[in-house]
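Enquirer: So you can see what is in the structure, the chains are spelled out below.
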Amino acid sequence: MQNYFTEILTDLLGNELLAEILTYVLSTVPILAFIVFFVLFAVWLERKVSAHMQDRLGPMRVGWHGVLQTIADFIKLIQKEDIIADANDKALFNIAPFLVFVSTLATFTLLPFTSIFVGSNADVGIFLVLALSGGVVAGILMAGWASNNKYSLYGSLRAAAQIVSYEIPTALVVLTMIMVYGTMNLGDVTEAQTSYFWNWGIFGGAGLGLGKFLLVPFMFVAFIILFISTLAESNRTPFDLPESESELVAGFNTEYSGIKFSLFFLAEFANMFLIGAILVIFFFGGYNSPFGYFGNLIGVDWLVPVEQLFWFISKGMFFVFVSMWLRWTLPRVRVDQLMTICWKYLIPYAFFNLLIVGLILLV
Amino acid sequence: MILNMGPQHPSTHGVLRLELVLDGEVVHDVKPHIGYLHRCMEKHCEVMTYPQVVPYTDRMDYLAAMYNNFGYVGAVEKLMDIQVPERVEYIRVIMGELQRIASHLVALGTFGLDLGAFTPFLYLFRDREKILDLFEETCGARLLYNYMWVGGLSHDIHPDFVRKTKEFIDYFRPTIVELNNLLTFNKIFIERTANIGVCPPKEAINLGLTGPNLRGSGIKFDLRKDDPYSIYDKFDFEIPVGEGGVGSVGDCWDRYYVRVLEVEQSLRIIEQAIDQIPDGDVKAEVPRRVKPPKGSVYHRVEAPKGELGYFIVSDGTVNPTRVKVRAPSFVSLSALGQMAKGYLVADVVAILGSLDIVLGEIDR
Amino acid sequence: MNAEEIYNLLKEKFGDAILEMVSDVPTEPIISVEPLKTNEISEFLRDADELQFDSLMNLSGVDDNNAEKIINEDETTTTKGGTLSVFYHLDSIPLKHKIAIKISTNRDNPEVESVTNIWASANWHEREAFDMYGIKFLNHPDLSRILMPYDWEGFPLRKDYENPEFYEGMKIPY
Chain A
1 MQNYFTEILT DLLGNELLAE ILTYVLSTVP ILAFIVFFVL FAVWLERKVS
51 AHMQDRLGPM RVGWHGVLQT IADFIKLIQK EDIIADANDK ALFNIAPFLV
101 FVSTLATFTL LPFTSIFVGS NADVGIFLVL ALSGGVVAGI LMAGWASNNK
151 YSLYGSLRAA AQIVSYEIPT ALVVLTMIMV YGTMNLGDVT EAQTSYFWNW
201 GIFGGAGLGL GKFLLVPFMF VAFIILFIST LAESNRTPFD LPESESELVA
251 GFNTEYSGIK FSLFFLAEFA NMFLIGAILV IFFFGGYNSP FGYFGNLIGV
301 DWLVPVEQLF WFISKGMFFV FVSMWLRWTL PRVRVDQLMT ICWKYLIPYA
351 FFNLLIVGLI LLV
Chain B
364 MILNMGPQHP STHGVLRLEL VLDGEVVHDV KPHIGYLHRC MEKHCEVMTY
414 PQVVPYTDRM DYLAAMYNNF GYVGAVEKLM DIQVPERVEY IRVIMGELQR
464 IASHLVALGT FGLDLGAFTP FLYLFRDREK ILDLFEETCG ARLLYNYMWV
514 GGLSHDIHPD FVRKTKEFID YFRPTIVELN NLLTFNKIFI ERTANIGVCP
564 PKEAINLGLT GPNLRGSGIK FDLRKDDPYS IYDKFDFEIP VGEGGVGSVG
614 DCWDRYYVRV LEVEQSLRII EQAIDQIPDG DVKAEVPRRV KPPKGSVYHR
664 VEAPKGELGY FIVSDGTVNP TRVKVRAPSF VSLSALGQMA KGYLVADVVA
714 ILGSLDIVLG EIDR
Chain C
728 MNAEEIYNLL KEKFGDAILE MVSDVPTEPI ISVEPLKTNE ISEFLRDADE
778 LQFDSLMNLS GVDDNNAEKI INEDETTTTK GGTLSVFYHL DSIPLKHKIA
828 IKISTNRDNP EVESVTNIWA SANWHEREAF DMYGIKFLNH PDLSRILMPY
878 DWEGFPLRKD YENPEFYEGM KIPY
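Residue numbers (my numbering), protein chains in the order written: chain A, 1 to 363; chain B, 364 to 727; chain C, 728 to 901.
Any given hint might turn out to be false.
Selected chain A positions facing chain B (Cβ under 10 angstroms, derived; list incomplete) [unchecked claim]: (1) S50; (2) D55; (3) D240; (4) L241; (5) R327.
Calculated lysine-lysine pairs in the DSS-like style (CA-CA distance at most 30 angstroms, straight line) [unchecked claim]: (6) K825/C / K406/B; (7) K565/B / K740/C; (8) K550/B / K441/B; (9) K898/C / K441/B; (10) K704/B / K740/C.
Simulated from the structure, these hints should not be mistaken for laboratory data.
Just so it is clear, the structure is predicted and the values come from calculations on it, not from any experiment.
Each residue gets a CB set at the ideal place from its N, CA and C atoms; glycine is no exception.
Required output: the full structure, derived from the provided sequences and hints.
Expert: Spelled out as structure tokens, the structure:
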């Protein structure tokens, strides 16, 4: 799809480099739009899900069952005064929310939403995703330090420690996946799981024979590890220590108001979908439909990408829902327990898993 | 590093300032600063007549206002040697136990909230709402009742009260099981509370902990049994104590679980009392001017948060010379410094939550 | 063990430091002791096998309201003399008996020995009594104001207390 656009633009502008740059800029527009709409929806969903889990109704006044509530909230947030205290480190304080948001946005460009649309079809896809999520750490650290508030500092240090630690099991599982699929390109990973659902990663991938059945339990373990560690990386309950309300007030975003706070907010919810997307790509066939496409059946070609988009988003949303479910059920772990879970359990299991999967693939 | 937690902080249960001396996340010293809610209640009492003090007691532990009334009127009645009618005693006990349940529900819910579990909090508040409805029907107020008066009650109970209370008991029993499944035996919850804030029995007595906090340390001491007042000696109930179910005796989980078990026992007391309420008047023969003889009295009751004592000195006039309130939360909070040393910041929040303090009572 | 027996036991042990026992008050008998012997007596009360008062239920300062009021020429009043008291309500959890101890000290220089080292729960109660009545508890680890602001002047629960007009530049009765 990109190539197609590039060709059109080259014809129009007469400069290939310029056209290519413009294409990449343009291809982030639908992603940005997706993130904003997704967050508007997810915030509403979170409030509704939590409300119904807690015997409440949640927002009911703005629009049908409060669907427009988040839009109203968003307008309110934009109107708010952007408070910058005297003692803040102004430069870092202002950059931090944008850095966090941009890093998250950039990771989204690497996700294959359908077979014809990927923001940037990089060959090192998953590697870049992991690298870019490091930008989030830098942003959070900057936010905490620049706020000049002890609670913010505690929150950001916890966040940094947490994200860096959980990067390790994530990376180990990703390494396992790279071994299984033989590629780092997320589009190719998805392609490897085409057609029916028994080709999905969680069921041992597309390879036939005994190896597939041997792989199933280890893929499942890998899935659990990846789920826990990415959940921790996105700072969601039960791992929401960086902004644990009852201890640190609001953690690293205590001092932020208005639009900058909403950027953190956007990034957090976008991250929730990112977890879901990564899990879906590696284990649940990415954008592939579990039982063939309706478009192919009736011979309408353009319907296939639409269906793929539907499957990708709904699978991703399922994991978003699961993380909301967890958030409203579980208490929060303590900071040392968090590290224990990572270093004493997840990392050894991930290593072990890597070894076994490697052996299976060799044999 | 010194970290000021409060006076505006989500988990200090009101306006409390904790000065934490930290090394990384480890707490070296905790110094509570109180008095932000000081409303000079004891000074006010000195210019009030005895019955006028009752509404002031409501505002101390605003989560258990019935029991504050209960303690105060008990003290004045002891001082004046008034015998209240049997019916009044039964209603007082039922109201007191309902209030204990309501207060414990808030304690359990906010404790969960302090540990990041939001949902149990709302479940428990939903049930507490039903108790408040019962109170509202009887005396018109949901939080500050001014219901128990010297020598009687402000109103008789509502005609539907008995039926609705029984309905409530039937409804409420299963929700305790729900709470246990959702929170009490949750693995993360246990990890967060077991072996945290351990208070050995000897130390607990010395620090003056009372009520569920003392029983959490494994000491079977309950004023309803050990120093019976009103008609508590007529009822059959047990005193749950902390047994170190998941950690060592006297940890946060024990203090929490004792409250869960106490809710069950309170239901038992209400069940026994509700069927035996005798007929009669709800006001004793109290002189128009309440004028106790010269002297002093210390009357203590087992309030939901611990031993609530009223020390009243009378000089024979219509105003008390001195009303001192021994507030259970006041003493519990003074123990925090000892108990929180060496734990992490997150544990201080847990220990504070498990002590179940109410700042209205501490600052008076 | 009832109050009479406890009184006799204390009298035997401490002699003159135990002043009297008043038992005609409507409820419980009260034993009066010497203010500067409190610590010693308290230690005995806690540790003696037949007493075992391991819990201090309440510690309360009281203005006995017995000061002599002198009306000056300009119709203001000043007080002279009088006493402040501290009441200790003790309870024994193992032996299930209780007792009230009273100490009285003169109002101009109220000094009492602290019992914080014996019952840790006395700590804040003593601070409160200091805050409200200005009773000085000797050897208290941190005798500072507790309910009132740290820089408040005067002791609000004394009977001769007059409300200040200003606090840090703010007018108090609005």
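Enquirer: All hints are to be evaluated individually against the structure, with a verdict given for each.
Expert: The hints, checked one at a time:
no., hint, verdict
1, S50, "7 angstroms, holds"
2, D55, "6 angstroms, holds"
3, D240, "7 angstroms, holds"
4, L241, "8 angstroms, holds"
5, R327, "8 angstroms, holds"
6, K825/C / K406/B, "28 angstroms, holds"
7, K565/B / K740/C, "26 angstroms, holds"
8, K550/B / K441/B, "48 angstroms, violated"
9, K898/C / K441/B, "41 angstroms, violated"
10, K704/B / K740/C, "39 angstroms, violated"
Violated hints for the displayed structure, listed by number in ascending order: 8, 9 and 10.
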